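Those protein sequences? They're chains G and A, same order as listed.
The first sequence begins at 1 in the numbering used here and counts up by one.
The second sequence begins at 1 in the numbering used here and counts up by one.
None of these hints come from the bench; they were simulated from the model.
Do not rely on the hints blindly, as some may be mistaken.
Note that identical chains are pooled: a pair holds if it fits in a single copy or bridges any two copies.
Unchecked claim - Taking lysine-lysine pairs in the DSS-like style, the calculated list, with each CA pair at most 27 angstroms apart, reads:
hint	residue 1	residue 2
1	K32	K208
2	K145	K32
3	K185	K32
4	K184	K222
5	K32	K184
6	K222	K179
7	K32	K222
8	K222	K185
9	K208	K185
10	K179	K32
11	K179	K208
12	K145	K222
Given the structure is predicted, the values throughout are model-derived calculations rather than measurements.
Number of protein chains: 2
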Amino acid sequence: MPYTYDYPHPAVSVDIAIFTIRNDELNVLLIKRAEAPFRGEWALPGGFVQMQESLGAAAERELLEETGVSGVYLEQLYTFGQPDRDPRERVITVAYYALIPSDQVELRAASDAEGVGWFSVERLPELAFDHPEILETAMDRLAAKVEYSTIALQLMPAAFTLTELQNLYEQVRREPIDKRNFRKKILALDVIEATGEERREGPHRPAKLYRVIDRSRVDVIK
Amino acid sequence: MPYTYDYPHPAVSVDIAIFTIRNDELNVLLIKRAEAPFRGEWALPGGFVQMQESLGAAAERELLEETGVSGVYLEQLYTFGQPDRDPRERVITVAYYALIPSDQVELRAASDAEGVGWFSVERLPELAFDHPEILETAMDRLAAKVEYSTIALQLMPAAFTLTELQNLYEQVRREPIDKRNFRKKILALDVIEATGEERREGPHRPAKLYRVIDRSRVDVIK
DNA sequence: GCAAAAGTGTTATCCCTACACCCATGA
DNA sequence: TCATGGGTGTAGGGATAACACTTTTGC
């Protein structure tokens, strides 16, 4: 059942950089390619856009297929279209990135013994295609948005400590932050609130737990 | 000479919002559609991506065809892909926006009596397809970047007055700026310098002229 | 001389940064 | 009791925002 056109058409795919926090580190989901090209190498999850679905819907579908989650933060990143980026045919890919709260990560990734896995962004394997460039673009975007919005909260679980949150900021920004200034600033935004609970772990004072007041909101700061 | 594929492929186009300053107003270039659909309506210039060219190259080509200019500021904006956005077939469009210095606007637009024209963004005609959404996205991006970068200088001619520059900022931001604070801030950035010339026009004190120190640079502020 | 836009400084406020010690706990 | 991370306030400096009058010109 071939499809014919009067002039050549490229294929169009979506690829997603799916981020979460695991063990206090920013992680990204990668899948191991089962087929050529780049067979056996790691790549961002993605797939071709169906003719009846929007780009955002295609990204949501891929996200659901790989992680089982939906309703999380998902944003179009950039479109990559170098003519030779896929050796098979011309493939233009619309890249997205998603942020998953770290307690919503049960996912297929854990169950599938092989073929899919979380990687710390500090210790990435070789990536197929132009996925290194896509992932770098995603991390740059994330770092930029963390500076001027409350987007980082999209990665936090239902209850978290201020130290965990600061940890995330420091990782994305790649530089240390003063603890007192950080707490003042975050609390002044009025986007998180104390749950009243504490977390006791290890030989030190228990940490107060906080929650995001409105999960669906990403505020621009200032 | 048909082109056949095993599964359906969308068409991929680029559309460009080309901005410049005319008569102290932000203008955008539109072309009148000569064919269906939306025949006779105004639209952003654009065209299909050729199989051997990158997306950026396609955008540059369209820009050159419509305005005769090249080497100006050009940035990918967003990719629009609603399945029904073009009634003929599935067309995914990668939108770009370009900023042209107001003294480089001789262009085809002026010579062609019909079919192409500059429009103030304050007085836009009805637009074809989803181009209202694309143009709005472009203006939002421009407004955002003006706040935290020196991108606005990409629209200024070889010599300009501080009042003209302030005028542009006020238009994009849609609110008035204090004259003294504006001058202090811009001059402190060290991105423009006095030419030594003045412009005398009208019954008032002549205005000092300034030029951009490095045209190729767009700085992020702070 | 008058109307019109160009040009020019100072002050108060707010925000950001730097910085050090006590607290509660588990072992 | 000690090692570990959790929690807290203040002061100085820099940037931002508010604000009004003089200058130069064309008519």
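Between copies, within a copy, both or neither: which fits K32 and K222 at Cα up to 27 angstroms? neither (42 angstroms within a copy, 41 angstroms between copies)
Check K179 against K208 for me: Cα-Cα at most 27 angstroms, and say if that holds within a copy, between copies, both or neither. within (15 angstroms within a copy, 48 angstroms between copies)
Between the shortest in-copy and the shortest cross-copy C-alpha distance, which are at most 27 angstroms for K32 and K184: within, between, both, or neither? neither (43 angstroms within a copy, 55 angstroms between copies)
Can you give me the call for K179 and K32, within, between, both or neither, at a CA distance of at most 27 angstroms? Neither way: K179 and K32 sit 39 angstroms apart in one copy and 58 angstroms across, limit 27 angstroms.
Evaluate K222 and K185 at a C-alpha cut-off of 27 angstroms and name the case that applies: within, between, both or neither. Answer is both: 12 angstroms inside a copy and 18 angstroms across each meet the 27 angstroms cutoff.
Between the shortest in-copy and the shortest cross-copy C-alpha distance, which are at most 27 angstroms for K222 and K179: within, between, both, or neither? both (21 angstroms within a copy, 22 angstroms between copies)
Can you tell me if K32 and K208 fall within 27 angstroms by alpha carbon in one copy, between copies, both or neither? neither (39 angstroms within a copy, 62 angstroms between copies)
Evaluate K185 and K32 at a C-alpha cut-off of 27 angstroms and name the case that applies: within, between, both or neither. neither (41 angstroms within a copy, 51 angstroms between copies)
Homo-oligomer pair classification [K32, K145; C-alpha up to 27 angstroms]: neither (29 angstroms within a copy, 38 angstroms between copies)
Alpha-carbon proximity context of K184 and K222, limit 27 angstroms: This pair counts as both: shortest intra-copy Cα distance 15 angstroms, inter-copy 21 angstroms.
Between copies, within a copy, both or neither: which fits K208 and K185 at Cα up to 27 angstroms? within (17 angstroms within a copy, 43 angstroms between copies)
Using 27 angstroms as the alpha-carbon threshold, which applies to K145 and K222: within, between, both, or neither? Answer is both: 13 angstroms inside a copy and 15 angstroms across each meet the 27 angstroms cutoff.
Violated hints, listed in ascending order, are 1, 2, 3, 5, 7 and 10; each of the other numbered hints is respected by the structure.
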